[in-house]
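**Q** If you want the building blocks of each chain, they are given just below.
Number of protein chains: 2
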Amino acid sequence: MPAIANYRKHLEEIALLSSAHALLEWDQETHIPDKGIQARSRVIGRISRRVFELTTSPDLGNLLEELRTDGALSQAERASVREVGRQYRRRKAIPADEFEAFTTTCSQAQAAWAKAREASDFQAFLPHLEKVVDYQRRFADYYGYTEHPYDALLEDYEPGMTLAQLEGIMQPLRDRLAPFIGRLADEGTPPDPSPLQGDFRLDKQRALARAALEFIQYDFECGALDDVEHPFTIAIAYGDVRVTNAYKQDRLGYGLFGALHEGGHGLYHQGMPEELFTLRLEEGSSAGIDEAQALIIENQLGRGLPFWKAFYPTAVQHFPELAAHSPEELYRATNLAEPSMIRIEADEVTYNLHIMLRTELESGLIAGDIRPAELPRLWNEAMERYLGIVPQSDAEGVLQDVHWSFGYYGYFPSYMLGSLYAAQFHQAMLDTVPDLDASLATGDFAPMLDWLRGNVHQHGAVYLPGELVEQATGSTLDSSYFLDYIEEKFSAIYRMDRN
Amino acid sequence: MPAIANYRKHLEEIALLSSAHALLEWDQETHIPDKGIQARSRVIGRISRRVFELTTSPDLGNLLEELRTDGALSQAERASVREVGRQYRRRKAIPADEFEAFTTTCSQAQAAWAKAREASDFQAFLPHLEKVVDYQRRFADYYGYTEHPYDALLEDYEPGMTLAQLEGIMQPLRDRLAPFIGRLADEGTPPDPSPLQGDFRLDKQRALARAALEFIQYDFECGALDDVEHPFTIAIAYGDVRVTNAYKQDRLGYGLFGALHEGGHGLYHQGMPEELFTLRLEEGSSAGIDEAQALIIENQLGRGLPFWKAFYPTAVQHFPELAAHSPEELYRATNLAEPSMIRIEADEVTYNLHIMLRTELESGLIAGDIRPAELPRLWNEAMERYLGIVPQSDAEGVLQDVHWSFGYYGYFPSYMLGSLYAAQFHQAMLDTVPDLDASLATGDFAPMLDWLRGNVHQHGAVYLPGELVEQATGSTLDSSYFLDYIEEKFSAIYRMDRN
Numbered sequence: 006m007p008a009i010a011n012y013r014k015h016l017e018e019i020a021l022l023s024s025a026h027a028l029l030e031w032d033q034e035t036h037i038p039d040k041g042i043q044a045r046s047r048v049i050g051r052i053s054r055r056v057f058e059l060t061t062s063p064d065l066g067n068l069l070e071e072l073r074t075d076g077a078l079s080q081a082e083r084a085s086v087r088e089v090g091r092q093y094r095r096r097k098a099i100p101a102d103e104f105e106a107f108t109t110t111c112s113q114a115q116a117a118w119a120k121a122r123e124a125s126d127f128q129a130f131l132p133h134l135e136k137v138v139d140y141q142r143r144f145a146d147y148y149g150y151t152e153h154p155y156d157a158l159l160e161d162y163e164p165g166m167t168l169a170q171l172e173g174i175m176q177p178l179r180d181r182l183a184p185f186i187g188r189l190a191d192e193g194t195p196p197d198p199s200p201l202q203g204d205f206r207l208d209k210q211r212a213l214a215r216a217a218l219e220f221i222q223y224d225f226e227c228g229a230l231d232d233v234e235h236p237f238t239i240a241i242a243y244g245d246v247r248v249t250n251a252y253k254q255d256r257l258g259y260g261l262f263g264a265l266h267e268g269g270h271g272l273y274h275q276g277m278p279e280e281l282f283t284l285r286l287e288e289g290s291s292a293g294i295d296e297a298q299a300l301i302i303e304n305q306l307g308r309g310l311p312f313w314k315a316f317y318p319t320a321v322q323h324f325p326e327l328a329a330h331s332p333e334e335l336y337r338a339t340n341l342a343e344p345s346m347i348r349i350e351a352d353e354v355t356y357n358l359h360i361m362l363r364t365e366l367e368s369g370l371i372a373g374d375i376r377p378a379e380l381p382r383l384w385n386e387a388m389e390r391y392l393g394i395v396p397q398s399d400a401e402g403v404l405q406d407v408h409w410s411f412g413y414y415g416y417f418p419s420y421m422l423g424s425l426y427a428a429q430f431h432q433a434m435l436d437t438v439p440d441l442d443a444s445l446a447t448g449d450f451a452p453m454l455d456w457l458r459g460n461v462h463q464h465g466a467v468y469l470p471g472e473l474v475e476q477a478t479g480s481t482l483d484s485s486y487f488l489d490y491i492e493e494k495f496s497a498i499y500r501m502d503r504n
Numbered sequence: 006m007p008a009i010a011n012y013r014k015h016l017e018e019i020a021l022l023s024s025a026h027a028l029l030e031w032d033q034e035t036h037i038p039d040k041g042i043q044a045r046s047r048v049i050g051r052i053s054r055r056v057f058e059l060t061t062s063p064d065l066g067n068l069l070e071e072l073r074t075d076g077a078l079s080q081a082e083r084a085s086v087r088e089v090g091r092q093y094r095r096r097k098a099i100p101a102d103e104f105e106a107f108t109t110t111c112s113q114a115q116a117a118w119a120k121a122r123e124a125s126d127f128q129a130f131l132p133h134l135e136k137v138v139d140y141q142r143r144f145a146d147y148y149g150y151t152e153h154p155y156d157a158l159l160e161d162y163e164p165g166m167t168l169a170q171l172e173g174i175m176q177p178l179r180d181r182l183a184p185f186i187g188r189l190a191d192e193g194t195p196p197d198p199s200p201l202q203g204d205f206r207l208d209k210q211r212a213l214a215r216a217a218l219e220f221i222q223y224d225f226e227c228g229a230l231d232d233v234e235h236p237f238t239i240a241i242a243y244g245d246v247r248v249t250n251a252y253k254q255d256r257l258g259y260g261l262f263g264a265l266h267e268g269g270h271g272l273y274h275q276g277m278p279e280e281l282f283t284l285r286l287e288e289g290s291s292a293g294i295d296e297a298q299a300l301i302i303e304n305q306l307g308r309g310l311p312f313w314k315a316f317y318p319t320a321v322q323h324f325p326e327l328a329a330h331s332p333e334e335l336y337r338a339t340n341l342a343e344p345s346m347i348r349i350e351a352d353e354v355t356y357n358l359h360i361m362l363r364t365e366l367e368s369g370l371i372a373g374d375i376r377p378a379e380l381p382r383l384w385n386e387a388m389e390r391y392l393g394i395v396p397q398s399d400a401e402g403v404l405q406d407v408h409w410s411f412g413y414y415g416y417f418p419s420y421m422l423g424s425l426y427a428a429q430f431h432q433a434m435l436d437t438v439p440d441l442d443a444s445l446a447t448g449d450f451a452p453m454l455d456w457l458r459g460n461v462h463q464h465g466a467v468y469l470p471g472e473l474v475e476q477a478t479g480s481t482l483d484s485s486y487f488l489d490y491i492e493e494k495f496s497a498i499y500r501m502d503r504n
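Note that the protein sequences, when read in sequence, are chains A and B. Sequential numbering of the first sequence, starting at 6, is according to the numbering used here. Sequential numbering of the second sequence, starting at 6, is according to the numbering used here.
Hints should not be assumed to be uniformly reliable.
One copy or two, either will do: identical chains are not told apart, so a pair holds if it fits within one copy or between any two.
In silico DSS-like pairs for lysine-lysine, Cα to Cα no more than 30 Å straight-line [claimed, not checked]: (1) Lys209 with Lys253; (2) Lys120 with Lys253; (3) Lys40 with Lys14; (4) Lys209 with Lys314; (5) Lys120 with Lys40; (6) Lys136 with Lys97; (7) Lys14 with Lys97; (8) Lys253 with Lys494; (9) Lys120 with Lys136; (10) Lys314 with Lys494.
Just so you know, these hints were derived from the structure itself, not from any lab.
Could you build the full structure based on these sequences and the hints that come with them?
**A** Structure representation (C-alpha cells):
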C-alpha cells in the first residue's frame, strides 16, 4: 500500500475516535446528568489516551517522514502532513512523564484558581501559578524557537506567528486605541443601552437565537443549538457541527450576540468539505482565524446597522416591547464602548487592550522577565495605563481568567488577532462586494456568506493563517483595518467628527 | 497480578468503550442532525468492532477459563464470569465471516422489510426473510441446544428458558385469555376511552411525562428525558441512565404510559450498584425481567386506580380539561380492552396473544416445521383463532414488526414473560406490603420502589431470571398470577361477575 493510503487509513482511525471524543465532550457540557460526570471523565480519559497514542505512534512518524518529500501529494494532503506533523512533533517533544505531571499540576492549579478568585486571594494561587509557568518555560525549550521562547507557545494557536510580529501589530493599537477611547469619553455622546436591557423570557431568547442562526444560514440539518454555561462550537464530524449558547434574563444582547458568535464558528466548520475532515484539517487555519469567523458575524454583522434593519421584524416578533425603538436605536444600543474591568464583558473598542495587557504579561513570564509574584502590581499598572481604571481586587483583576491556571499560554493573542483578521476580511469583502450592506439590510446574507466560504471556510487548515489572509485580502495582517473600522464606526455612533 | 484483577481490568476497558458506544447510540436517536448520521455510523462501527475484539479476545478466554473454578470469587464476580462467559462463547461460536455476511443480510432485509410493509407486499420481503431464517437456523446449531433449536436463540434474551417451559407457560394463557376476551365482548360494559382523547399540546405532555417520572422517583440527577421516534432506555454509565419518549397529540395516554414504561426500565438500571456496572452485570437478569420492570410501572401502577387518585391533581394542573372527569373515569379510560391488529397498540388483556402467535410461528421457522412462505396464511389463521379478527393486508398482519427482518428470533417471548413476571412480582409485593395501594393513592411510591429495589433492581444480572423470580416471590414463574390479575381487574372495569 502506498504511504499516502496508509497515512489516510491512520488518520481515519484518529478521526473516528476523535469524533467519539468530541461527542463525549459536547454531551458533558450539555446533557449529562450530574451523577454521570465521574464515569464520563474516565471514558474521555481512555479515548484521549488512545488518540494520543495514535497521534504519536512510530508508524505515523515514519509515514510523515516519508510523505514530507512525496511530490505526488495534493495540496490538501501536503497541508495535512504539515499540520499532523506539527502536532506529532510537539507531542513527542515533551517527555511523557513530564506531560502527565503537568496535567496533574494544571488540574490542581485550576481548582486553586477557582477558590482564589472566589476569595480574591492571589497569594493562595501563586504557588500553583509558579509551577505552571515553570512547566511552560521548560516546554518552550523542548519545542524550540529562534527568537523568543513565547514564539514556541504561540505556534500551537497561531502557526508562524512570533512575538516580534505581534509587537508590530500591537504598536498601532497602543498608539491609536487609548487616545480614541479618551475622545469617546470626552467628546462623544454615548448611545443608550437600555432598549436591550429589561426582562426577557429565556424560552423566547432561545427562539430568537435560533432565528439569528437561521439569518446567517447556519445549517441545522448539519448542527444543533443547546444551552451550556460557557458557550462553544464543536465539529463532531463532517455534517455535524454543533453550537451552544448561554442567556441572561436581563440582557438580550448577551444571548443574541453569543449565538451569532458561535454561529460564526459554526459556519466556518460547516463550510469545510469532507476531504478536510478526512485529512484532519477541519480545526481551521488557526485559533485567530477561527475567532475571526465568529467575530465578523458577531460584530461586523451583528453589531452593524444593516443587520438591525433586516432583523428588526424578527426581533419585534419575539419581543414586541422592542417595537418601542427604531432599528437605529437598537443598533446603537448594542454599541456602548467604555473601559471596564472584565475582558469577557468588554466592547469592541476596549477589548483588545485587555488582550495586549495579557500578551505583554504572559510573554514576560515565559521569558523570565516577569516573576508570577509581580503580576498583580503589573496588571493594575497596565489597566491604569491602557484603560484608565484600576481593579479594586485581584478577583476583578489578575484572577479573572482561567487560562493561566490550566496552561493556556500563547492563546490570548488569538482573541486580538481574530478581531484584526475580521476587520481586514470585512474590508476586503466590502471592496469586492460593493452592495454588501444593502443586501444585508434586506435580509440577504448570501453575498457575505459566499465571500467567507470562498475565501476562508472552504480552505480549512490548507493554508497557514499568514498565507490565508494575504490570499483573501491582498495584504499581510495590518492593524489599521481594525483601527479604521473602529474609529469610523464609533465616531458616528458617538456623534463625533472622525478627526 | 491475580486473574480476577486482570479480568476486572479487561472489563473496565470494555465498559469504557461500551459507555462511549452507548452515548453515540443515544445521540443518534435524540440529537444528531440529519447530515451527521453517515459519519456517525462509521464511528459506531469502529467502536463496536473494538468492543467485539475485547469481548472475544483469547486473553479474556483464558481468564474466564481460569476464573470458572476460582473458589475465592464473590457472588457478583461469579455471576460476571457466567454472563461475560456466555457472551464470549456465543460470539466465538459463529465464524467471523459468516457473522459479517449475516449482518449485511439483515441490513438489506430490514430495508426490504420497510419497503414491503409500505407496499403490503410480503412476496417482496420473502427472499430476504428466507435468508435471515436460514442464518438463524445455522446459528442455533452453532450455539448448540439439548431439546429444541429455538432454545439456543432464547438463551440470548432469557437465559435458562426453553421452548418446553414456554409451552407450559402459554397453555394456561391459551385456555383462559381467549374465553375471557369473549366474555368481555359479550357481557361486559366497556369503559369510555374518550377522556384521554382530544388535543393535547406536546410541550405540556412533555411536562406531564416529567411529572410522572418524578412520581416514580426516577432520578433526574442520574438521567435525562428526551424525545425520540421509538422510545428506549439506555444505561450509558453508572450514574447516567437515560430514558426517551414519544408523544401523540390526540392521545394523552400514549406519551404518559410510554414515559412510565421507560421510567420503569430506568428505575431498574438506576437501582443497580456501581459494582454491577464494573462487572458488566448492569444489563439486568434478562430481557423479560427488564421488561417486567417497565410493565409493572406502566400497567400495575400506571393503569391502576391508586395511581390515578394520587396523580389526578398533577394531571389536572397540566391539562385543566381533565377536571371534567373523576380519577375513576380517567382510570377506566386507560383500560379499554379489545382485539386489535397491531401488537404495539394492544391492551394488557390481548397483548400476550399477539406474542404467543409470534412465538409459535418463529419457533416453527427455526425448527424447520414452517416455511417462511407459509407465514401470511398461518399468521391470519392464528389471529382468527386467538383474537377473532383477520388482517385485511399483510402490512397490518405478518409484516407489522421489524424483528424478523434483523434477526431478532427468540426475543418476542420476552414481552410476554415481562408481563407474567410483572404480575407475579406485583402479587408478592401486595402480600408483603399490605397497604401498598393505600400508600400509592396518597402519592407515596416509596414502598413499591423499596420492594423493587430490594428484590430485583439491586441484583442486576447476579441471578438468572429463574432464580430471581423464585427468590423474590417464593415460587417459579406461573402464568396464573397474570391471569388472576387480568380477570379480576377487567371484570371489575367491565362490570361483570368474575365468572
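**Q** If the cutoff is 30 Å on CA atoms, where do lysine 136 and lysine 97 land: within, between, both or neither? Let me know, please.
**A** Within one copy only: 21 Å inside a chain, 52 Å across chains, cut-off 30 Å.
**Q** At most 30 Å between CA atoms: does that hold for lysine 14 and lysine 97 within a copy, between copies, both, or neither?
**A** both (21 Å within a copy, 28 Å between copies)
**Q** Checking an output row: lysine 120 and lysine 253, CA cutoff 30 Å. Within, between, both or neither?
**A** within (24 Å within a copy, 49 Å between copies)
**Q** Is it within, between, both, or neither for lysine 253 and lysine 494, if the alpha carbons may be no more than 30 Å apart?
**A** Cα proximity of lysine 253 and lysine 494: one copy only (27 Å, versus 52 Å across).
**Q** Is it within, between, both or neither when you check lysine 120 against lysine 136 at 30 Å Cα-Cα?
**A** within (17 Å within a copy, 64 Å between copies)
**Q** Which holds for lysine 209 with lysine 314 at a C-alpha limit of 30 Å: within a copy, between copies, both or neither?
**A** Result: close within a single copy only, 20 Å intra versus 36 Å inter.
**Q** Reference check for the pair lysine 314 and lysine 494, CA-CA at most 30 Å: within, between, both, or neither?
**A** Within one copy only: 16 Å inside, 65 Å across.
**Q** Which holds for lysine 40 with lysine 14 at a C-alpha limit of 30 Å: within a copy, between copies, both or neither?
**A** Answer is between; shortest inter-copy Cα gap is 23 Å, intra-copy 37 Å.
**Q** If the cutoff is 30 Å on CA atoms, where do lysine 120 and lysine 40 land: within, between, both or neither? Let me know, please.
**A** within (22 Å within a copy, 43 Å between copies)
**Q** Regarding lysine 209 and lysine 253, is the shortest C-alpha distance of 30 Å or less found within a copy, between copies, in both, or in neither?
**A** Both ways: lysine 209 and lysine 253 sit 12 Å apart in one copy and 24 Å across, limit 30 Å.
The structure is consistent with each of the numbered hints, conforming to all of them.
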